[in-house]
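> With chain W fixed as given, assemble chain A onto it according to the hints.
Spelled out, the chains give:
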Amino acid sequence: DTTVKQNPRYKLARVGKPVNLICSQTMNHDTMYWYQKKPNQAPKLLLFYYDKILNREADTFEKFQSSRPNNSFCSLYIGSAGLEYSAMYLCASSRRDNQDTQYFGPGTRLLVL
Amino acid sequence: GEQVEQRPPHLSVREGDSAVITCTYTDPNSYYFFWYKQEPGASLQLLMKVFSSTEINEGQGFTVLLNKKDKRLSLNLTAAHPGDSAAYFCAVKTGANTGKLTFGHGTILRVHP
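Residue numbers (my numbering), protein chains in the order written: chain W, 1 to 113; chain A, 1 to 113.
Please keep in mind that the hints were generated in silico from the structure rather than gathered at the bench. The hints are all genuine.
Below, a list of computed lysine to any residue pairs in the SDA-like style, where the Cα atoms sit at most 25 Å apart:
#, chain 1, residue 1, chain 2, residue 2
1, W, 37, A, 84
2, A, 100, W, 6
3, W, 44, A, 49
4, W, 37, A, 83
5, A, 68, W, 101
So the derived list for chain A, only partly shown, Cβ under 10 Å to chain W, looks like this:
#, residue
6, 4
7, 32
8, 34
9, 36
10, 41
11, 44
12, 45
13, 46
14, 89
15, 93
16, 101
Anything over 12 Å on all C-beta distances counts as not near chain A; from chain W, calculated:
#, residue
17, 14
18, 15
19, 71
20, 83
21, 85
Computed from a predicted structure; not experimentally measured. Note that the Cβ used here is the ideal one computed from N, Cα and C, for glycine as well.
The shape of chain W in the complex, shown without the other chains (with noise of 0.2 Å):
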């Protein structure tokens, strides 16, 4: 089973509320990833897990953050909203030995509003 799931599928937040978003795998993957993307744009990597290590891009270090309590599951959270934010959260996971091969998840459609 490659399969990635996603939760919630689209989520609608205010500006300035919280909004966490959930990831989970089954496949036993050490790194987990999560993207955002916007229309017409390429998916932006944000952070990744590898196994309870988190490395958060340079750019968006204070927007976003994450939580991996176990290794299934992985966390996106986003402390306050702001419109800029509406886009698909992708999540994805990959093994070291499998060449870091990232499968991903259908994907999260957030509206901010």
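Structure of chain A alone, referenced to chain W:
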């Protein structure tokens, strides 16, 4: 950092025609290359991964060509059919110790009967 340019952004072909999508990248240290297909409402699905030592890979109905000298990666659908209609993304991996992928902006392919 790595930059990936993907062209064309939109492509419309007739059934049975070929369709070519091209990506160029900037970092000569990049060494894993991926093509993903995304159908509407679905996850990005891995089509093919290509390593630096491979120049041509053939899949089911498509060919991937890697030209390291020109830093160019292409996907050629040899006889497109309506089921190939989707968004296609190239991705490039740079750096041995991270799974970080840099994506192209994507190509929306429409295959008309």
